[in-house]
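S.K.: Given these sequences and hints, build the entire structure.
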Amino acid sequence: MSGDAAKPVRVRRKVRVVSRRRRRVENALVAYSFIAPNFLGFAVFTLGPILFAFALAFMHWDGSNPIKFAGLDNFWRLFEDRAFIAAFWNTVVYTVVSVPLTLACALGLAMLLNQKIVGRDFFRTAMFFPYVASLVAVAVVWNMIFNPEMGPVNMLLYSLGLDPKDMPGWAADRHWAMVTVILFGVWKSMGYYMVIYLAGLQGINSELYEAAGLDGANAWQKFRHVTLPQLAPTTFFVTVMLTIQSFKVFDQVYMITQGGPGTSTLVLVYHIYNEAFISWDLGYSSMIALVLFFLVLAVTVIQFRRQKED
Amino acid sequence: MRKTKRRIDFSRIAVYVTIIAITVIMLLPFAWMLSASLKLSRDVFVFPIEWIPSQPRWENYTEIWTKIPLALFIYNTSKLTIIVTLLQLLTSSFAAYAFAKLRFPYKNTLFLGYIATIAMPWQVYMVPQFLLMREFGLNNTHLALICLQAFTAFGVFLMRQFYMSIPDELCEAARIDGMNEYQIWAKIMLPLSKPALSTLTIFTFVTTWNDFLGPMIYLTKTELKTIQIGLRMFISQYSAEYGLIMAASVVALIPVLIVFLSLQRFFVEGVASSGLKG
Numbered sequence: 001m002s003g004d005a006a007k008p009v010r011v012r013r014k015v016r017v018v019s020r021r022r023r024r025v026e027n028a029l030v031a032y033s034f035i036a037p038n039f040l041g042f043a044v045f046t047l048g049p050i051l052f053a054f055a056l057a058f059m060h061w062d063g064s065n066p067i068k069f070a071g072l073d074n075f076w077r078l079f080e081d082r083a084f085i086a087a088f089w090n091t092v093v094y095t096v097v098s099v100p101l102t103l104a105c106a107l108g109l110a111m112l113l114n115q116k117i118v119g120r121d122f123f124r125t126a127m128f129f130p131y132v133a134s135l136v137a138v139a140v141v142w143n144m145i146f147n148p149e150m151g152p153v154n155m156l157l158y159s160l161g162l163d164p165k166d167m168p169g170w171a172a173d174r175h176w177a178m179v180t181v182i183l184f185g186v187w188k189s190m191g192y193y194m195v196i197y198l199a200g201l202q203g204i205n206s207e208l209y210e211a212a213g214l215d216g217a218n219a220w221q222k223f224r225h226v227t228l229p230q231l232a233p234t235t236f237f238v239t240v241m242l243t244i245q246s247f248k249v250f251d252q253v254y255m256i257t258q259g260g261p262g263t264s265t266l267v268l269v270y271h272i273y274n275e276a277f278i279s280w281d282l283g284y285s286s287m288i289a290l291v292l293f294f295l296v297l298a299v300t301v302i303q304f305r306r307q308k309e310d
Numbered sequence: 001m002r003k004t005k006r007r008i009d010f011s012r013i014a015v016y017v018t019i020i021a022i023t024v025i026m027l028l029p030f031a032w033m034l035s036a037s038l039k040l041s042r043d044v045f046v047f048p049i050e051w052i053p054s055q056p057r058w059e060n061y062t063e064i065w066t067k068i069p070l071a072l073f074i075y076n077t078s079k080l081t082i083i084v085t086l087l088q089l090l091t092s093s094f095a096a097y098a099f100a101k102l103r104f105p106y107k108n109t110l111f112l113g114y115i116a117t118i119a120m121p122w123q124v125y126m127v128p129q130f131l132l133m134r135e136f137g138l139n140n141t142h143l144a145l146i147c148l149q150a151f152t153a154f155g156v157f158l159m160r161q162f163y164m165s166i167p168d169e170l171c172e173a174a175r176i177d178g179m180n181e182y183q184i185w186a187k188i189m190l191p192l193s194k195p196a197l198s199t200l201t202i203f204t205f206v207t208t209w210n211d212f213l214g215p216m217i218y219l220t221k222t223e224l225k226t227i228q229i230g231l232r233m234f235i236s237q238y239s240a241e242y243g244l245i246m247a248a249s250v251v252a253l254i255p256v257l258i259v260f261l262s263l264q265r266f267f268v269e270g271v272a273s274s275g276l277k278g
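Keeping their order, the protein sequence lines are chains A and B.
Note that the first sequence ends on residue 310 in our numbering; no numbers are left out.
Note that the second sequence ends on residue 278 in our numbering; no numbers are left out.
One thing to keep in mind: the hints can contain errors.
What the hints assert, rightly or not - The calculated label-pair distances, taken between Cβ atoms and stated as ranges, are:
{"#": "1", "chain 1": "A", "residue 1": "17", "chain 2": "B", "residue 2": "172", "range": "19 to 25 Å"}
{"#": "2", "chain 1": "B", "residue 1": "186", "chain 2": "A", "residue 2": "96", "range": "45 to 51 Å"}
{"#": "3", "chain 1": "A", "residue 1": "211", "chain 2": "B", "residue 2": "79", "range": "51 to 57 Å"}
{"#": "4", "chain 1": "A", "residue 1": "204", "chain 2": "B", "residue 2": "79", "range": "40 to 46 Å"}
{"#": "5", "chain 1": "A", "residue 1": "308", "chain 2": "B", "residue 2": "169", "range": "32 to 38 Å"}
Claimed, not checked - Anything over 12 Å on all C-beta distances counts as not near chain B; from chain A, calculated:
{"#": "6", "residue": "51"}
{"#": "7", "residue": "54"}
{"#": "8", "residue": "70"}
{"#": "9", "residue": "97"}
{"#": "10", "residue": "101"}
{"#": "11", "residue": "211"}
{"#": "12", "residue": "217"}
Said to hold, decoys possible - Facing chain B, a subset of chain A residues (Cβ under 10 Å, in silico):
{"#": "13", "residue": "28"}
{"#": "14", "residue": "29"}
{"#": "15", "residue": "53"}
{"#": "16", "residue": "109"}
{"#": "17", "residue": "120"}
{"#": "18", "residue": "137"}
{"#": "19", "residue": "155"}
{"#": "20", "residue": "221"}
{"#": "21", "residue": "293"}
These are computed hints drawn from the structure, not numbers from a lab.
Glycine is no exception: its CB is placed at the ideal position from the N, C-alpha and C atoms.
M.R.: In structure tokens:
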């Protein structure tokens, strides 16, 4: 009796197990069908080339003759390559100056435009516009405005009584070229980070300000002890983003100074581009790319550590 | 009482003065561009600046179309930008739905693949990517640029962050009503994700439209060039034709301006809700 009753039950359970497994497979297939279109493109055109880049850094290749294994040749070459050393330091200088400057400007703008003022949307849009504007178009205007001989900036300085000999040569001057590129970068991108800061500011609980007000805090103290700590995650995010953006700067340098005069504004990506597409030294250019990768990685890890400590 | 009120007014005025001064500095290059685009090349650098030209040279705007194939460049760029943006929106939101709302094996591993590359500058792997495309015979085609820009980790990440904020119960309820996953994605998730989609649209549109290094590496034939490298080519060919260069620059700016202005009201909301603020 008991044996008879047990049999159908077991069969039914088996059927249920099979159908459950089948359903799980079906669900997984549905999920994969969602992911596949993007992932296939991503795997072929991003993941693959990334792995290839790491391998290529240890090879000699000009793109047409057979690839040869190079060991650490490309790595040692970095230390003898004056252009690389210049590019490395220029990239560091660009980053060290432009990141804090952009950050401060973006935060300042966000504080100003987070208040209730007439025409706020217009002002926000105006600040953001350089970020979306075509780089080629604004770079050529920038070059004209900062033209050392005829540009309105130097004309203005001249009419203010500055001696033409002391006039900055901007993009054409060794000492001013980097300044010009940095100023352009700050002007172009600060509006974007302002929007991120605005989003951060709107997330701060207004009760915190009321409490600080009751404790007799003035505007500066409120900023120092409420706003800044509350914005810490935003600042962290903006710093990481900005640092990565600065390490990979290229377009604006290409358009404003072409890396010159001399090597005064040569940056890492510019050097990668030259070595790859001008000299066709693909292995060495990948080694420089690897340096760029580790720079970005190091900065991101350091920032994450500091964020965790706080 | 009256004294504090007057002080408040004073600080208000200071705020307005500061904001207006900064806005003027931000927009001055654009004003200069517009003004110069209506001048003869020899009048562009006349100082003091004549902001509104007494005899505007509208011919600059007709001449540029014949000096370079500007219309073709704009067509190429529009084609690329629209295809990339559509593909990006479609495939990212599709993949993001699975990552946010479905359970399946290797989900975290696959997502880690995306996350690991999100901070990786494209410049690190642009050379091997170029070699790969050349191997596929995609050198000097628009398809190469579409392939390299349409499937980004950033798009998937942004959309997933947004979908995570939509309650799971909404999907559960739809499943009980007999909808399949594709219907849930199309009828529930997509309509809800307007802010995230607008943000991604702005980002993708702007990046693709303004991309310079990509087209410079891949497109060497004039008839394939985009507006950015076309404009650059024009600038190096006619470096003294300041008025014409400025007119062409104004034309290159207009499409981005239109897209940006029509979507910008979603933008702050989109940045805030997609977790981009950190």
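S.K.: So, for every hint listed, does it hold in this structure?
M.R.: Results of checking the hints against the structure:
Between residue 17 of chain A and residue 172 of chain B, the C-beta spacing of about 24 Å keeps the proposed range 19 to 25 Å intact. The hinted range of 45 to 51 Å is satisfied by residue 186 of chain B and residue 96 of chain A, whose Cβ atoms lie roughly 48 Å apart. Taking 51 to 57 Å as the suggested C-beta distance range, the pair residue 211 of chain A and residue 79 of chain B conforms, at roughly 56 Å. At roughly 44 Å, the beta carbons of residue 204 of chain A and residue 79 of chain B sit within the given window of 40 to 46 Å.
Hint check: residue 308 of chain A to residue 169 of chain B, Cβ distance near 33 Å, so the stated range 32 to 38 Å holds. The Cβ of residue 51 of chain A does not lie farther than 12 Å from every Cβ of chain B; its closest approach is about 8 Å, which violates its non-interface assignment. For residue 54 of chain A, the shortest C-beta to C-beta distance to chain B comes to about 9 Å, within the 12 Å cut-off, and the non-interface label is violated. Non-interface call for residue 70 of chain A relative to chain B: holds, since the shortest CB-CB distance, roughly 15 Å, exceeds 12 Å.
For residue 97 of chain A, the non-interface assignment is confirmed: its Cβ lies about 19 Å from the closest Cβ of chain B, beyond the 12 Å cut-off. The non-interface label for residue 101 of chain A is consistent with chain B: the shortest C-beta to C-beta separation is roughly 14 Å, beyond 12 Å. For residue 211 of chain A, the shortest C-beta to C-beta distance to chain B comes to about 21 Å, beyond the 12 Å cut-off, and the non-interface label holds. Non-interface status of residue 217 of chain A relative to chain B is upheld: no Cβ of that chain comes within 12 Å, the nearest being about 17 Å off.
Taking 10 Å as the C-beta contact cut-off toward chain B, the hint placing residue 28 of chain A at the interface holds, the least distance being around 4 Å. With its C-beta approaching chain B no nearer than about 9 Å, residue 29 of chain A sits inside the 10 Å limit, and its interface hint holds. With 10 Å as the threshold, the beta carbon of residue 53 of chain A comes within range of chain B, its nearest partner Cβ sitting at about 4 Å, so the hint holds. The interface hint given for residue 109 of chain A is met, as the beta carbon of that residue sits about 7 Å from the closest beta carbon of chain B, less than 10 Å.
Hint status for residue 120 of chain A: holds, given a least beta-carbon distance of 9 Å to chain B, under 10 Å. The beta carbon of residue 137 of chain A is positioned within 10 Å of a beta carbon in chain B (closest approach about 4 Å), and the interface hint is therefore held. For the restraint placing residue 155 of chain A at the interface with chain B, the shortest Cβ-Cβ distance is roughly 4 Å, inside the 10 Å limit, so the hint holds. The interface hint given for residue 221 of chain A is violated, since its Cβ lies 16 Å from the closest Cβ of chain B, which is over the 10 Å cut-off.
For residue 293 of chain A, the suggested interface contact is upheld, since its CB lies about 5 Å from the closest CB of chain B, less than 10 Å.
Checked against the numbered hints above, the structure breaks hints 6, 7 and 20 and satisfies the rest.
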